[in-house]
Structures are given as structure tokens and as C-alpha cells.
Amino acid sequence: MKLISVLFTTMVFIFLSACDTNPYKHGEIMYQNFCASCHMDDGTGLEGNIPPLAGADYITQHRSNLACIIRYGMQDTISVNGIIYNNAMPGVPQLTDFEIANILNYINHSWGNDYGFVTIDEVRASLEKCKQ
Amino acid sequence: MRIFLYLSLLIFIAACNSKPAGLPILSKQHEVDGKLVYDTIPSFSFINQDSQIIDKSTVAGKAYITDFFFISCPTICPIMQQNMLSIQNRFLEEDKLLLISHSIDPKRDSVVRLKQYAVNLGAVPDKWHMVTGKKDEIYEIADDYFNLVLEDPTLPDGFDHSGRLILVDQNAHIRAYCNGTDSTAVKAFISSIETFLHDEID
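Chains as they are written, first to last, in our numbering: chain A, 1 to 132; chain B, 133 to 334.
A hint or two may mislead.
What the hints assert, rightly or not - Partial chain A-side listing against chain B, Cβ under 7 Å, derived:
1. Pro23
2. Ser37
3. Cys38
4. Glu47
5. Ile50
6. Gly91
7. Val92
8. Thr96
What the hints assert, rightly or not - If the Cβ cut is set under 10 Å, some of the chain A residues that face chain B in the computed set are:
9. Asn81
10. Tyr85
11. Ala88
What the hints contain is simulated information worked out from the structure, not anything from laboratory work.
For glycine and all other residues, C-beta sits at the position ideal for the given N, C-alpha and C.
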């Protein structure tokens with residue numbers, strides 16, 4: 001009987017600590033270091049000048065370009081949720097493939113976004129296309 | 133005898149409790165004819181997003197909030213400018229309060245680019261001036277705006293990365309400032325502006 005209660009307590013503890021773990025913690029830290037000063041902690045960007053990442057149609061429509069944008073930046077004029085943005089974004093060339101994947105997964109699962117999981121293979125295939 | 137003691141104690145306490153009205157003047161002081169006077173913001177002449185000259189006559193009889201930024205700044209400017217935007221919108225109806233954002237990158241931030249940036253951001257014309265000008269003059273006046281008596285000597289000094297928002301009154305004195313990237317500090321700054329407007333403008 002005692003064994004069962006010990007087991008039960010252990011199980012509860014494991015479940016609780018599992019629930020507590022944010023699977024995108026590393027991506028979140030990287031996001032805060034490299035992205036949040038422009039795209040903001042809550043992913044809303046800056047009115048008319050820096051596009052939002054929260055609820056952004058651009059992310060779902062350009063899935064295979066996102067890794068390249070993070071690494072090399074972007075000069076294009078783009079439309080996000082119907083609003084035109086034309087300020088250049090600087091790239092972050094020092095990020096590794098894994099770090100980029102983690103950032104993308106954090107973005108894809110934050111602020112109400114539910115844009116699916118990005119694999120490291122997917123990131124590497126994207127980066128291959130825009131290799132500079 | 134004892135009553136005197138109580139009375140003087142009472143007067144003393146009352147004197148300690150009497151706060152000076154409104155916000156203190158934070159500008160540095162210098163001596164003129166043996167008297168200490170507060171430094172004022174010197175005269176300036178810049179161009180705003182609508183190609184209008186912005187100088188002392190623009191702010192005559194008015195207070196303003198000012199900061200220093202540049203459009204392509206990837207570090208602290210976006211959050212500062214977002215906070216400036218909420219200050220603009222909070223005090224939209226207050227005619228006696230303007231906003232002036234100085235670009236410290238006049239080479240790239242042309243009037244055309246500033247206009248585009250201002251329109252996109254939602255800066256109200258004649259309320260929030262995005263100004264450019266001679267680089268030396270902008271950098272010089274930045275020194276004047278930060279020429280205040282700091283209460284916290286640990287604040288970073290590099291001006292282009294200090295990200296301060298500054299309240300200048302109708303007499304060209306600095307009355308309040310905050311770290312424009314710190315949302316708690318900005319909230320406190322907004323209440324300082326409210327106090328100031330209530331006490332000295334309205």
C-alpha cells in the first residue's frame with residue numbers, strides 16, 4: 001500500500017513537472033535576444049513600420065523563406081495582414097540552424113499562433129536555397 | 133517655555149511636509165551674477181517630416197516630450213517610439229503638449245523617409261514632429277537634453293543608447309525623464325506628465 005502511494009506521488013510529480021516545461025524555452029530566449037527589440041515581446045511589431053509576428057498571415061504563406069529572412073535579413077517591401085511594410089530587416093548571421101529552428105518554433109506557437117512545428121531538416125533545406 | 137518648544141516643533145514638521153508644487157526642475161544650474169539659475173535648452177532649428185522648420189517658436193508657450201532615435205535602429209528605438217506613440221495618443225487633445233523625435237541618422241533618415249515613417253506610425257501632423265538637421269547640431273542638442281541632474285548615477289550614459297524620453301516645460305527646463313524602453317518607468321513618466329499639465333498648464 002505504501003509503495004503504491006509513493007509511486008502515485010512520483011507519477012503526479014513527473015506529470016506536473018512535464019506540464020511546467022515550456023518546449024520552446026530556448027527559442028523564447030533567442031527570440032528575446034535577437035528579435036524582440038523590433039518585433040516586441042508580444043510579437044506585435046511597431047505600428048506600420050515593423051510587421052507583427054503574432055497572427056501574421058505572412059508567416060503561414062512564406063514558411064519556406066522564414067529561416068533565410070532570419071539569417072540574411074530582408075530588403076523587400078512586403079504585405080502583412082494587408083498592411084505594407086518597407087523598412088529593411090537586418091539579418092542575424094551568427095545564429096546556427098538549430099537556433100533558427102528554435103526561434104521559428106517559438107514564434108509559431110506563441111501569442112495565439114498555431115502554425116505548426118518546423119523541423120531542423122526543413123530549416124536546413126530552406127537555408128540551402130538562399131545560401132550566400 | 134514648553135509651549136514654545138511644541139510650537140516650534142509643530143512649525144518644523146509643517147515646514148517639512150509642505151511639498152513644492154508640482155515637478156521639480158531637473159536641469160543643471162549655473163551661476164549668473166552670483167545667483168544660481170537653471171540651464172535652459174538653447175535655440176535650435178530643425179526640419180520636420182512635412183519640411184517645416186521646427187525651432188523655439190514652434191514650442192513657444194508649450195511643453196514637449198522629446199527623444200532621439202533613427203528609423204533603422206534595431207535595438208531600443210522601436211520600443212521607445214511605441215511608448216512615444218502611446219504618450220501622443222494619451223495627450224492627443226492637449227494642445228499645450230507636443231512631441232519631438234530627433235533622428236540621429238540624418239544621412240539615411242531624409243524628410244521623405246521620416247514622412248513615410250511618421251505616417252505609418254500614426255504620428256499626428258503638428259503634434260509629433262520627427263525632425264532631422266545638421267548632424268552636429270542634433271548631437272549637440274542631445275547633450276543639452278541630457279544635461280540634467282541625474283538621481284541615478286548608474287544609468288548608462290551613451291546618449292544614443294540611453295533611450296530617454298524627456299519632458300521639457302514651457303520655460304525650456306527639463307522636468308521629468310524616463311528610460312523609454314522600460315514600461316514601468318514610462319507609466320510613471322506619464323503620470324508625471326499628467327501632474328505637470330494639471331499643475332502648470334491647464
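Verification of the hints:
1. Pro23: violated (27 Å)
2. Ser37: holds (5 Å)
3. Cys38: holds (5 Å)
4. Glu47: holds (5 Å)
5. Ile50: Check passed: Cβ of Ile50 of chain A comes within 6 Å of chain B, closer than 7 Å.
6. Gly91: violated (10 Å)
7. Val92: Constraint on Val92 of chain A not satisfied, violated at 10 Å.
8. Thr96: violated (20 Å)
9. Asn81: Constraint on Asn81 of chain A not satisfied, violated at 14 Å.
10. Tyr85: holds (8 Å)
11. Ala88: holds (7 Å)
In this structure, the hints that do not hold are numbers 1, 6, 7, 8 and 9, in rising order.
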